[in-house]
Structures are given as structure tokens and as C-alpha cells.
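Asker: Modelling step: build the complete structure from the supplied sequences, incorporating the hints.
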Amino acid sequence: MRNLPVTLNAGESYEFEILVKPHFQVDEPFIGPISLNCEMDDKFIFLLQEKEVIKPNIISPPPLLDISIKNLRPPLIGQTFPLEILIENNSEGDALELNINIEFPKELKVMRGTTKKQVYSLSSNDNITWEINLKPLEAGDYIIKMDISFKDPDQNLIEEKKTFPLSIKL
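Residue numbering for the sequence shown follows the UniProt record's numbering, beginning at 1 and increasing consecutively.
Note that these hints are calculated values from the structure, not bench results.
Just so it is clear, the structure is predicted and the values come from calculations on it, not from any experiment.
There may be inaccurate statements among the hints.
As the list claims (entries may be wrong) - Label pairs and their computed distance ranges (CB to CB):
no., residue 1, residue 2, range
1, Asn-57, Ala-139, 54 to 60 Å
2, Gly-140, Glu-28, 53 to 59 Å
3, Ile-34, Lys-70, 52 to 58 Å
4, Trp-130, Val-53, 44 to 50 Å
5, Asn-101, Leu-72, 20 to 26 Å
6, Ser-13, Asn-156, 42 to 48 Å
7, Asp-42, Gly-11, 20 to 26 Å
8, Ser-35, Val-6, 33 to 39 Å
9, Phe-16, Ile-69, 42 to 48 Å
10, Lys-70, Ala-139, 16 to 22 Å
11, Gln-118, Lys-51, 43 to 49 Å
A virtual CB, placed ideally from N, CA and C, is assigned to each residue, including glycine.
Answerer: Here's what the structure looks like:
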């Protein structure tokens, strides 16, 4: 890549790479028109003009969330234990206006914490965790349901439903 200005010699060909940094408007982004003025010896002046306007179709990388739960202590009947919820954004796109709703079976009583979470933005390669204290009322194999909704950077709504098994032993 050559830096400008450059001395041009007759009979030689030159190639220049020019980096254009556009400012994309939200509604109708465009690049152009482009105009280059060239001057040689104050005598020869020419204008290179690209009148075509390029309208790029910009698509943001989609966010992808990985969700997991973990017992921080063994769950025992009649005893409160902490359950950790981890939400990771291991993708290139940001997740915006994230809403999470967790539904526990009636045999798992929520003692402390919230079953609904709202997050303004979960950036690429970022994560959030929170704890909910649960008290199992009886032994059994249960399903924890989670509804997740968020928007990608292009404001498309993404909705997911997840289920997690949880076993309570005697």
C-alpha cells in the first residue's frame, strides 16, 4: 500500500488501495459518491469520480447464548440449597433487551432470589450469573423450564425455551 502523495512517472502503471471508512446510518446506509482529485506539475489536473452509490446490506452477527445451571450444594429434602444460573454469550453478536423467566415445579420452593431477570445488553464473549435459593419439598426428578427472549443488533426478536433436569434424592 502506497502513501499519498506519490510521484508518478510516464509509462508506468500504479495501483492504489484506499481505505474508506463509512459512517453507516441506521435506516439507509450508503457509500459514495467518491471523488479523487489528481494534480501533476500544476499543469495537468484530472478528476476521478465514481458517481455510483453503493448500498450495502449489513447484517450483524447473530448472538448465541449458552445457558447452564449448577447446584452449588447437594439438594436435600427440606434444606435450602443455592442454584447458580450461568448465561454466556460466546458469539460475535451482542444480545440486547434480554429477558429470562425461570419456572420451577411446585415441589421446589423458591426461598430467595428472583425467577425473572432483565438485562439491557450481554456483549459478545460476556456472561452473567445469579443465584436462586431453592428448598426441595419432596424427592423426585424435576424439570426446570426457562423462557429466554432477546434482540440481536438488528432488532430481530429471538425466543428460546430451555429445560433442565434436576434430581432430588432421599
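Asker: Hint by hint, say whether it matches the structure.
Answerer: Cross-check of the supplied hints:
1. Asn-57 to Ala-139: 54 to 60 Å: Between Asn-57 and Ala-139, where Cβ atoms are some 56 Å apart, the hint holds.
2. Gly-140 to Glu-28: 53 to 59 Å: Cβ of Gly-140 to Cβ of Glu-28: about 57 Å, so the range 53 to 59 Å holds.
3. Ile-34 to Lys-70: 52 to 58 Å: 55 Å, holds
4. Trp-130 to Val-53: 44 to 50 Å: Because 48 Å falls inside the window, the suggested range holds.
5. Asn-101 to Leu-72: 20 to 26 Å: 21 Å Cβ-Cβ, so the 20 to 26 Å window holds.
6. Ser-13 to Asn-156: 42 to 48 Å: 46 Å, holds
7. Asp-42 to Gly-11: 20 to 26 Å: Holds: the Cβ-Cβ distance is about 21 Å, inside 20 to 26 Å.
8. Ser-35 to Val-6: 33 to 39 Å: 18 Å, violated
9. Phe-16 to Ile-69: 42 to 48 Å: 56 Å Cβ-Cβ, so the 42 to 48 Å window is violated.
10. Lys-70 to Ala-139: 16 to 22 Å: 20 Å, holds
11. Gln-118 to Lys-51: 43 to 49 Å: 48 Å, holds
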